[in-house]
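Q: Sequence:
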Amino acid sequence: MSRADETRDGVALTNLDQALFDGSGAIKRDLVDYLDAVADRLVPHLRGRPLSVVRVRPGQPPFMQKNLPRYTPEWVRRVPVWAEASHREIAYALCDDRRTLLWFANQRAVEYHTTLAVVDDLSRPTHLVLDLDPPSDGGFGAGVAAALLVRQALADAGLAGAVKTSGAKGVHVFVPIAAGPDAEELAAATRALAARAERLDPALATTAFIREDRAGKVFVDPTRSGGATVASVYSPRLRPGVPVSFPVPWADLESVAPADFTIRTVPGLLADRDPWVEEMPPPQRLPADLVEEGRTIPIPRVQAMHEGRRRARARRAEGG
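In the numbering used here, the protein residues as written are 2 to 321.
Just so you know, these hints were derived from the structure itself, not from any lab.
Any given hint could turn out to be false.
Label pairs and their calculated CB-CB ranges [to be verified]:
#	residue 1	residue 2	range
1	G269	P241	34 to 42 Å
2	P284	T15	16 to 24 Å
3	D157	R58	44 to 52 Å
4	G140	D6	34 to 42 Å
5	M65	T266	23 to 31 Å
6	D273	Q61	36 to 44 Å
7	W251	D23	20 to 28 Å
8	R274	E85	36 to 44 Å
9	E213	T8	19 to 27 Å
Calculated cross-link-like contacts (lysine to aspartate or glutamate; reagent style EDC-like; alpha-carbon spacing at most 20 Å) [unchecked claim]:
#	residue 1	residue 2
10	K67	E85
11	K67	D122
12	K67	D98
13	K67	E112
14	K67	D18
15	K67	D121
16	K67	E90
Ideal placement from N, C-alpha and C gives every residue a C-beta, glycine not left out.
Take these sequences, add in the hints, and give me the full structure.
A: Laid out in structure tokens, this is it:
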């Protein structure tokens with residue numbers, strides 16, 4: 002075995018001295034060492050949730066992997082989930098232990114995206130999530146400002162959430178929900194909260210699903226529900242410097258930057274703590290009026306599809 006290869010927890014780790022990806026400033030060993038260092042904090046947030054990963058192979062563009070490849074070891078736990086979009090069953094991994102995480106690390110899986118529901122009941126998400134996505138020419142500060150609007154909208158509804166950097170330039174707000182509501186109810190409440198945040202400052206925030214309609218505003222994504230996935234807390238991201246999605250106290254949000262949290266800095270910042278658990282409020286009852294309000298708001302993807310067709314017809318009419 003060369004110095005670039007080793008074994009941990011029965012998992013053969015290979016080519017550890019290879020560059021991770023262009024612009025990463027890291028080698029594969031850095032990724033493996035990071036994931037191993039935070040495994041006891043990361044795995045509990047992955048456990049029991051169907052997992053999608055973003056992998057990067059040398060000389061190839063990154064790709065998202067949902068369906069486990071045939072060569073996956075038998076000891077990797079998996080769950081079959083019907084994918085309506087592709088009309089097929091997908092074998093999702095469940096990353097329930099350090100060994101599985103190390104296997105993914107050796108597969109050069111950089112990003113870890115989970116469902117909002119656990120495998121025991123995929124119809125009932127455990128969290129309501131609002132994803133704040135600044136425009137291409139906007140910075141992290143704009144995302145933070147939109148997150149503060151979301152916090153106000155939550156408070157007005159009697160709810161509280163925890164916030165983390167996305168690891169890119171966005172911000173994620175998670176609201177733990179007490180058992181009961183199904184995916185449709187959570188989706189409706191998400192739409193209502195996004196709309197309320199937009200109304201607080203329509204010059205800053207927008208819920209426009211079609212990118213060209215956002216006019217340089219922060220997108221308050223009302224669609225992170227149902228079968229949607231989100232980058233896990235402590236997941237690295239495939240960005241220069243390999244930043245990490247990291248929890249931040251609300252009081253500190255305006256004084257941090259995504260580059261503060263990378264695979265090199267996070268293990269030292271964590272020490273023996275799990276700040277995501279510390280910052281997360283207890284599960285809360287979903288207000289019925291929020292659900293009812295959300296049901297009056299069109300489902301964004303459906304609305305965007307109809308609008309796209311309408312615009313295409315208009316363009317054809319102008320051209321004809």
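Q: Determine for every hint whether it applies to the structure shown.
A: A quick look at each hint next to the structure:
1. G269 with P241: 34 to 42 Å: Violated: the Cβ-Cβ distance is about 20 Å, outside 34 to 42 Å.
2. P284 with T15: 16 to 24 Å: The hinted range 16 to 24 Å is violated for P284 and T15, with Cβ atoms some 42 Å apart.
3. D157 with R58: 44 to 52 Å: Because 47 Å falls inside the window, the suggested range holds.
4. G140 with D6: 34 to 42 Å: holds, 41 Å
5. M65 with T266: 23 to 31 Å: Given range 23 to 31 Å: holds, Cβ gap about 26 Å.
6. D273 with Q61: 36 to 44 Å: Taking Cβ atoms as reference, D273 and Q61 lie about 38 Å apart, which means the hint holds.
7. W251 with D23: 20 to 28 Å: For W251 and D23 the Cβ distance comes to about 35 Å; the hint is violated.
8. R274 with E85: 36 to 44 Å: Check passed, 40 Å falls within 36 to 44 Å.
9. E213 with T8: 19 to 27 Å: Since the Cβ atoms of E213 and T8 sit about 51 Å apart, the hinted range of 19 to 27 Å is violated.
10. K67 with E85: It holds: about 14 Å lies between the C-alpha atoms, which stays within 20 Å.
11. K67 with D122: Distance of about 19 Å is within 20 Å: holds.
12. K67 with D98: Holds - the C-alpha atoms of D98 and K67 are around 18 Å apart, at most 20 Å.
13. K67 with E112: holds, 12 Å
14. K67 with D18: violated, 27 Å
15. K67 with D121: With a Cα-Cα distance of about 19 Å, the restraint between K67 and D121 holds, given a limit of 20 Å.
16. K67 with E90: holds, 11 Å
Hint check: violations occur at hints 1, 2, 7, 9, 14; the rest are consistent with the structure.
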